[in-house]
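S.K.: Chains L and S are the protein sequences, given in the same order.
Following numbering that gives the first Met the number 0, the numbering of the first sequence begins with 0 at its first residue and continues without gaps.
Following numbering that gives the first Met the number 0, the numbering of the second sequence begins with 0 at its first residue and continues without gaps.
Rather than coming from a laboratory, the hints here were simulated on the basis of the structure.
Owing to the predicted nature of the structure, the values given are computational and were not obtained by experimental measurement.
Keep in mind that the hints are not guaranteed to be accurate.
Unchecked claim - Straight-line alpha carbon distances no greater than 30 angstroms define the calculated DSSO-like cross-link-like pairs of lysine-lysine that follow:
| hint | chain 1 | residue 1 | chain 2 | residue 2 |
| --- | --- | --- | --- | --- |
| 1 | S | K145 | L | K226 |
| 2 | L | K457 | L | K49 |
| 3 | L | K220 | S | K87 |
| 4 | S | K53 | S | K78 |
| 5 | S | K53 | L | K9 |
| 6 | L | K535 | L | K567 |
| 7 | L | K630 | L | K49 |
| 8 | L | K160 | S | K53 |
| 9 | L | K625 | L | K9 |
| 10 | S | K19 | L | K226 |
| 11 | L | K160 | S | K145 |
| 12 | S | K61 | L | K132 |
| 13 | L | K535 | L | K457 |
| 14 | L | K226 | S | K53 |
| 15 | L | K226 | S | K61 |
| 16 | S | K78 | L | K160 |
| 17 | S | K53 | L | K132 |
| 18 | S | K145 | L | K132 |
| 19 | L | K518 | S | K87 |
| 20 | S | K124 | L | K160 |
| 21 | S | K145 | L | K220 |
| 22 | L | K137 | L | K119 |
| 23 | S | K78 | S | K105 |
| 24 | S | K128 | L | K220 |
| 25 | S | K53 | L | K137 |
| 26 | L | K347 | L | K400 |
| 27 | S | K61 | L | K160 |
Each chain is listed here by its residues.
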Amino acid sequence: MDNLFGWMGKILRINLTNGNISFINTRKYIKYIGGIGIGLRIAWEEIPPKIEPFDDKNKLIFMTGPLGGIPIVPGAGRANLCCVSPHIHPIPMVSYSNIGGDWPVELKFAGFDGLIVEGKASSPVYIIIHNEKVEIKKAKYLWGLDTYQTQEKIIEQTGDKNIRTICIGPAGENLVRFASIQSDTGSAFGQGGFGAVMGSKQLKAITVRGTGSIRIAQPEKLIELAKYASSIVFGHAVPGSFESQIGPEGKLWGMNSGIGLARSGYGIHSDACYGCSKACRGYFKVPNMRSGQGVCVQWFFGIIRDPKNDGVGMGDKATYYAKLLCDTLGIDTVEISGMLYWLRDCVKDGIISNNDIDLPKCLGGNTDNIQFLSKFIKEGIAYRKGFGDILAEGTARAAEKLGHKAWDIYQRYFMSHGMHTHWCNSVVGCLEWAMDNRDPFDSGHDYLFGMNNKSAAKFAWGSEAAADPESYDHVPKTLTIIQYNKTYKDMLTLCDFAFPCISNPFTSNGLGDMELPYKLFFATTGMNIRIDGLEKSAETVINIYRALMVGNGRNRDMDNVYPVKFDKAFFKDGMARMFELFGPLDKDKWEKMKDNFYKLRGWDIETGWPTEDKLKELGLYDVIYKLRKLKKKIYKI
Amino acid sequence: MRYKRLKKDKKIYNSFISVKDMDRCTGCRICELVCSLVHDGQCSSSLSRIHVEKDLFTGEYKIETCLQCKDYKCLSVCKIEAISIDKKTGIKLINSDICTGCEECKKACIFSNSRSRIVYDSKRKICIKCDLCGGDPECVKACPEKILIYNKRKS
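Construct all of the structure, not just a fragment, from the sequences and the given hints.
M.R.: As structure tokens, this is what we get:
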């Protein structure tokens, strides 16, 4: 605890059933580094397989990384949450979500690398952590408040503006399957529905205040490296990111391209997560609405806008209002945006009637945007009124309930595992989706850094051929590497918008620095594990994640995207849109590619399960024994 | 008294850090983190000699720096002369070897009603304040928005 660099040395455990508070020494898990590494390892050890998300035995495992709190480097101060997810479909599994903002670093300042919440409170509570002092307090006066009100109330109670809180809104309290956990005015554990898990535990908020410090192994080296990192990372392919590196306007990504509200004069400044030099959000003041942050997810509300307003992004107050409702009520914005497309088509085809939901004029209905959003998101979903009660189950389950036509329409806009399509404009992207149990691009974008860029592809994935988004042959190797990068990115932590640092049009060779994560890790922690050490750790975590899935009933068939993605007819009328598939996937090539991917991973081709040889190689003996038992019990083998 | 003698010295500079375009502060707090990193080898907002006060719900962020006051309230209350003025730069410096952490300087700071620009380091049990990094302030260099200004001027 005293002589670690980067890590704080303690993981907090809070039991809501009996009120017990205890600590784990982080050293027990240090080889998993942090973030989803430690999170998934603890989930493997402690969350029983095949439990429902709202079961008492489900645990919320929050984990930061050793890089949290270092200055300048994008996303160093993020946190991950591993937990059985109510959002994913069709069966419950341990999944993950992550968050930026200020809360993760504040948790480290309080002295903790992470926090495990288990059990269930008998009445609404919130947790308050002030350095070593941890309390579970009654939250009756907070229950029912929205997320902004909740945070303000706790600030008022403590008299301290510097506390940082994560909390749920009415959506989480009402067990909406895609309820988020929010912090400040826009940071969130957005996908995965973990807000509902907090709601099921009657846990309203977790507030932290820390006055401690994070020890750094090589402080001078770190500052030098951090400044270098800031100059060499380049935002992913979404237009306008990190404009400060290009144009004189400064960082307007969040304000300009993302929402377009800056053009309406509503943006007041760029906004950053703790320690980040890229400030990708915008902060907005819209008349007659609460102020707050906004970022690219607001693009998704593009179909809710007054056509008179501008084209790229949205210049409409309604899109800000949609974001505001989601952030204050605690709802995943991405699910809502996919749902809107589905609703539009279902109403058009008469599967859902105008009595169930009156869409706005821009989607073929009769109301105006603001009225619609209020009724749909607030009343309907967050408070589960009327037809909203079905929608609160998520688009996948709602579509299942409404029949096969609704399910066909659902597949147009959702990719797999119950989640809205996002960056599937390559075969690699599709396989990455297939192998996960949620949208793998928690905010970003991996393959995009080298797509269509031969020199970047060769640099990062070993061949120029890997630049081709429509090719199948290179995918097993490319995805294996991408998964290492993505996994250790979520262990250290680092930001999806900037890492992996593969390409940068402004460097002399157009390339980035793939060793940057390791260099930062070394300067921060003093641990010389090198890039292959990071990759080995990542591979171990990937296999633990896989083992968790196996324990929950995963098999090769579930390593898939929805059938319609293979259907030529689906593409003929231009249904494929930006972020989405270029054309139908080829079933034969897809299955062969999967065979090769499993082989490369050391997994069984028939089932997609890790082989015992692979697990032995990674030293995961406990996983071997437990999987043997689970296979006997679940699969009778 | 030392205080009176220094006031007559016209060669003393009175440099300090100010903020231009406070509205553009993104709330990243990099200034705080590099400050503690450079001085104490650790990342800590609480050990930082510069502070960002954030109102999350209005988006108003205020950066608070030591203004290296001309009338040295902090220095003048120190009974053991732990605070001195650098002859070349005019920076008021706390000598951590001498300081006993009585916090009188912290209370004497003209901003002590809202937030003193002197910070108490509870681990080392001393007071710390901005020393302008000897004349090349790190926070100014690190600010991504370039809104921190190092004002070098004569008194």
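S.K.: Would you mind marking each hint as holding or not holding in the structure?
M.R.: Evaluation of the provided hints:
no.: 1; hint: S:K145 - L:K226; result: holds, 14 angstroms
no.: 2; hint: L:K457 - L:K49; result: violated, 41 angstroms
no.: 3; hint: L:K220 - S:K87; result: holds, 29 angstroms
no.: 4; hint: S:K53 - S:K78; result: violated, 35 angstroms
no.: 5; hint: S:K53 - L:K9; result: holds, 28 angstroms
no.: 6; hint: L:K535 - L:K567; result: violated, 40 angstroms
no.: 7; hint: L:K630 - L:K49; result: holds, 12 angstroms
no.: 8; hint: L:K160 - S:K53; result: holds, 8 angstroms
no.: 9; hint: L:K625 - L:K9; result: holds, 27 angstroms
no.: 10; hint: S:K19 - L:K226; result: holds, 22 angstroms
no.: 11; hint: L:K160 - S:K145; result: holds, 25 angstroms
no.: 12; hint: S:K61 - L:K132; result: holds, 29 angstroms
no.: 13; hint: L:K535 - L:K457; result: holds, 21 angstroms
no.: 14; hint: L:K226 - S:K53; result: holds, 24 angstroms
no.: 15; hint: L:K226 - S:K61; result: holds, 24 angstroms
no.: 16; hint: S:K78 - L:K160; result: violated, 34 angstroms
no.: 17; hint: S:K53 - L:K132; result: holds, 24 angstroms
no.: 18; hint: S:K145 - L:K132; result: violated, 38 angstroms
no.: 19; hint: L:K518 - S:K87; result: violated, 38 angstroms
no.: 20; hint: S:K124 - L:K160; result: holds, 25 angstroms
no.: 21; hint: S:K145 - L:K220; result: holds, 22 angstroms
no.: 22; hint: L:K137 - L:K119; result: holds, 13 angstroms
no.: 23; hint: S:K78 - S:K105; result: holds, 13 angstroms
no.: 24; hint: S:K128 - L:K220; result: holds, 24 angstroms
no.: 25; hint: S:K53 - L:K137; result: holds, 27 angstroms
no.: 26; hint: L:K347 - L:K400; result: holds, 18 angstroms
no.: 27; hint: S:K61 - L:K160; result: holds, 13 angstroms
Hint violations for this structure: numbers 2, 4, 6, 16, 18, 19, all remaining hints satisfied.
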